[in-house]
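Student: Next come the chains, spelled out residue by residue.
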Amino acid sequence: MLLTACGALADGNSYLEPCSGRVVTVDHVAGAVTGTRPADASELAPPDVEPFRVALQGALQSYCSDIYAPHGTLAVYGREGSAAAGSMDVTVCLSSAKANLRNFWSGRLGSCWQACFTPGTGDITLSGLMEVDVHYCEDGNVQLRAKHNASTSTQAHDAVSFGSAVAGAIQRAEAQYYAALEVCIVNSVCSIRQTLRHVCARVTHLHA
Amino acid sequence: MATHEALVQKLLAQSPPAELPDVVNSLKLLTSNASLVDSAAAAAARQVAHAHMVALDMPGGAGKVRTVLFSFGYSLSLLTLIDLLGAAHRLRRACGRQ
Chain H
1 MLLTACGALA
11 DGNSYLEPCS
21 GRVVTVDHVA
31 GAVTGTRPAD
41 ASELAPPDVE
51 PFRVALQGAL
61 QSYCSDIYAP
71 HGTLAVYGRE
81 GSAAAGSMDV
91 TVCLSSAKAN
101 LRNFWSGRLG
111 SCWQACFTPG
121 TGDITLSGLM
131 EVDVHYCEDG
141 NVQLRAKHNA
151 STSTQAHDAV
161 SFGSAVAGAI
171 QRAEAQYYAA
181 LEVCIVNSVC
191 SIRQTLRHVC
201 ARVTHLHA
Chain X
1 MATHEALVQK
11 LLAQSPPAEL
21 PDVVNSLKLL
31 TSNASLVDSA
41 AAAAARQVAH
51 AHMVALDMPG
61 GAGKVRTVLF
71 SFGYSLSLLT
81 LIDLLGAAHR
91 LRRACGRQ
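Protein sequences appear in the order of chains H and X. Sequence positions in the first sequence follow my numbering and run 1 to 208. Sequence positions in the second sequence follow my numbering and run 1 to 98.
These are calculated hints, taken from the structure and not from any lab test. Computed from a predicted structure; not experimentally measured. For each residue, glycine too, the CB sits at the ideal point set by N, CA and C. Some clues are possibly wrong.
[As the list claims (entries may be wrong)] Only part of the chain H face toward chain X is listed, based on derived beta-carbon distances under 8 Å:
id, residue
1, L3
2, V23
3, T25
4, V26
5, T36
6, A39
7, D40
8, T73
9, A97
10, A99
11, R102
12, G110
13, D133
14, C184
15, V199
[What the hints assert, rightly or not] With beta-carbon atoms standing in for the labels, derived distance ranges:
id, chain 1, residue 1, chain 2, residue 2, range
16, X, T3, H, A32, 42 to 52 Å
17, X, A34, H, T121, 55 to 65 Å
18, X, R90, H, P38, 14 to 24 Å
19, X, A34, H, A84, 18 to 28 Å
20, X, N25, H, T121, 30 to 40 Å
21, X, L30, H, K147, 48 to 58 Å
22, X, S26, H, H71, 22 to 32 Å
23, H, G122, X, D22, 44 to 54 Å
24, X, T31, H, N100, 21 to 31 Å
Here chain H stands alone, though its shape is the one from the complex (with noise of 0.2 Å):
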């Protein structure tokens, strides 16, 4: 299960599993579940909205999978929209990290979009936030963090189309964003090292 600011509730240690339904307490400074209970009605997505949110996370599954793999952890939230009457906002928070802190390195990608809704009208507008955070510590500190807002917008007239629609939109996004990230690390990657290759010749050539 995911720690989100979506899914917290306001006791500020206890946050909704939507997948299973419950509601888990966690103890954040140990950083472990210490009890768990069915939700509320309250505290679930509506029942008009729940269709929409499981097709949603169907969909995603498997991206999460193969994409944020192998620690890739999905949670899909729903709840009525505020833009207009019988509206739904549906939020998907994509999320995974890896630390390997005797090689001095760890690193996260996140990502969280939210889907507004009108049944009807089928306009699905979606905005999201994806991160990269990474952190290379060997006899120094090298870090990487980079945000990157990101909206676009779809169609769908019902749940399992919502699902389908929805997701690619995010999976296409992401790829466009992960891209052109990796192209630019790499690119700067490059003119270091041809900027240092010319400083090393120098001091080579100068302690000759």
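Following the hints, complete the assembly by docking chain X onto the known chain H.
Tutor: Frame of chain H; chain X shown alone:
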């Protein structure tokens, strides 16, 4: 004291992924005030959990979407980023030694 605790909490909230316990221990050594760091850590741990969307195992494994298959997609990209950052850092160090 409240200002000091807020400052420590702010530092802890910037911990890299999975490194909060190490940052807590380092700050205890630096400040020589373990109780101050411990009280700030409780609030910072919640902030870090939300910011990093920390995953916890459910009792019995429910609510978990994980796979043991290695993907050559963006999971590899994350490792590539780490490798590239490491390579750049090693190059800088090697250049500095000459």
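Student: Need the list of violated hint numbers for this structure, in ascending order.
Tutor: Hint check: 2, 3, 6, 7, 11, 14, 16, 18, 19, 20, 21 fail, others pass.
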